Amino acid sequence: MKAKFLMCFALVVGSFFSFPLFAHHGTAAYDTKNVVTVRGTMTEFRFINPHVQLFFDVKNEKGEVEKWQAELTAPNKMTRAGWDKHRLKPGDSITASGYVAKNDAHTMWITKLIGPDGEDLRLRED
Amino acid sequence: MRRGLSYSMLGMVAVLSCSSILYAQTAAPPTDQRKAPAKRESAPAPIHDLTGVWMMHNSPGSQRGFTNYTFTKDPPELTPWGEAKYREAKPSNGGEFTLQTTNDPVLTRCDPPGVPRVYFHPYPFEFVHTPKYTLMLYEYDHMVRRIYTDGRPIPKDPDLLWMGTSVGHWEGDTTLVVDTVGLNDKTWVDRLGHPHSDQLHVIERFRRVNKDHMELDFIIEDSKALAKAWTATWYYELKPTWELGEISCSGDYLDFSNFEK
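Protein chains in written order, with this note's numbering: chain D, 11 to 136; chain F, 14 to 274.
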């Protein structure tokens with residue numbers, strides 16, 4: 011397996027992660043039937059209204075760097091989950107799982123996130 | 014290929030880690046109401062007091078499909094006028110439209126959500142009582158409702174407002190009944206785009222069943238849009254440690270370039 015590029019179709023159907031993670035803008039643009047996982051290196055972390063944004067580089071199977079953008083839920087909810095604007099920083103290694111845009115853009119709606127210390131980061135406020 | 018089939022162990026771990034959630038959600042039977050969560054031990058409800066931060070707390074089994082977008086599994090009975098208006102809606106939350114194609118007034122213009130749609134935003138609200146009115150502070154976009162409890166009647170010819178005019182009274186020791194009228198017709202009743210007219214009358218019955226739990230009955234009446242009243246019950250939990258933060262509908266909220274690239 012190419013070490014830095016992990017990607018899978020999890021064998022699950024439907025949006026099985028609970029609704030508080032869902033974005034305010036709906037699901038139609040995302041392929042919510044399949045979960046994709048990528049490992050990357052953070053380049054920017056924006057703890058902003060209306061949704062927290064992650065930007066990171068992912069090396070593909072050819073060794074090329076792909077620029078990815080992903081989002082978590084709203085910062086007010088992430089604050090109650092224990093996050094703040096310093097939770098991630100450029101250079102951090104992350105493994106992000108979630109739904110990607112149907113148009114094949116490198117855009118992800120994160121449903122599971124492993125942080126730089128290997129910690130399964132809490133994404134829910136309760 | 015980016016979406017190629019993978020054999021990574023990570024994927025398997027993800028599947029295994031989600032198995033309990035899958036079971037919990039598929040095991041729940043369909044229901045026309047948001048299902049009540051299991052009751053937990055709690056102190057009795059205080060008298061005439063809803064003070065605090067409350068968050069929707071419906072059972073996991075009910076948080077699929079319709080419950081995130083509308084009130085009931087079965088659609089409301091609309092009048093011909095209501096049907097025609099509903100056909101104009103292009104929802105993205107629960108619908109097939111994207112941010113680029115929806116005509117959702119909240120997502121495209123940051124219009125205030127109105128009542129009762131404000132409850133579909135997945136954020137808490139806070140009750141603050143004063144001698145003459147009760148404030149409802151919604152975390153979403155700093156929305157505020159002022160519910161007059163000084164005995165004044167419901168206005169018969171109200172000005173049309175985004176969040177309407179509300180009066181409330183207590184029934185017994187623990188139920189606050191709120192009548193709201195005077196809502197303009199620019200908002201949707203839910204996220205699917207069910208319409209309403211300026212004849213909308215929303216009755217909310219906040220029933221605090223014990224210290225930590227509250228049930229909210231909605232009775233939605235609109236002689237122009239609804240052929241019969243639309244009713245539902247949602248469930249809320251007191252969050253003593255929570256504080257309302259900020260989620261603002263603003264330029265960045267509408268900046269589609271941040272999403273769906």
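If you're looking for bench data, these hints aren't it; they were derived computationally from the structure. Incorrect hints may appear among the rest.
Stated by the list, open to error - Below are the EDC-like pairs computed for lysine to aspartate or glutamate, each with C-alpha atoms no more than 16 Å apart in a straight line:
| hint | chain 1 | residue 1 | chain 2 | residue 2 |
| --- | --- | --- | --- | --- |
| 1 | F | Lys98 | F | Asp211 |
| 2 | D | Lys112 | F | Glu109 |
| 3 | D | Lys77 | D | Asp102 |
| 4 | F | Lys252 | D | Asp136 |
| 5 | D | Lys95 | F | Glu259 |
| 6 | D | Lys43 | F | Asp172 |
| 7 | F | Lys199 | F | Asp230 |
| 8 | F | Lys145 | F | Glu256 |
These numbers come from a predicted model, not from an experiment.
Outcome of the hint check:
no.	hint	result
1	Lys98/F to Asp211/F	holds (13 Å)
2	Lys112/D to Glu109/F	holds (13 Å)
3	Lys77/D to Asp102/D	holds (15 Å)
4	Lys252/F to Asp136/D	holds (10 Å)
5	Lys95/D to Glu259/F	holds (14 Å)
6	Lys43/D to Asp172/F	violated (46 Å)
7	Lys199/F to Asp230/F	violated (24 Å)
8	Lys145/F to Glu256/F	violated (24 Å)
Going down the numbered hints, you'll see the structure goes against 6, 7 and 8, while the others check out.
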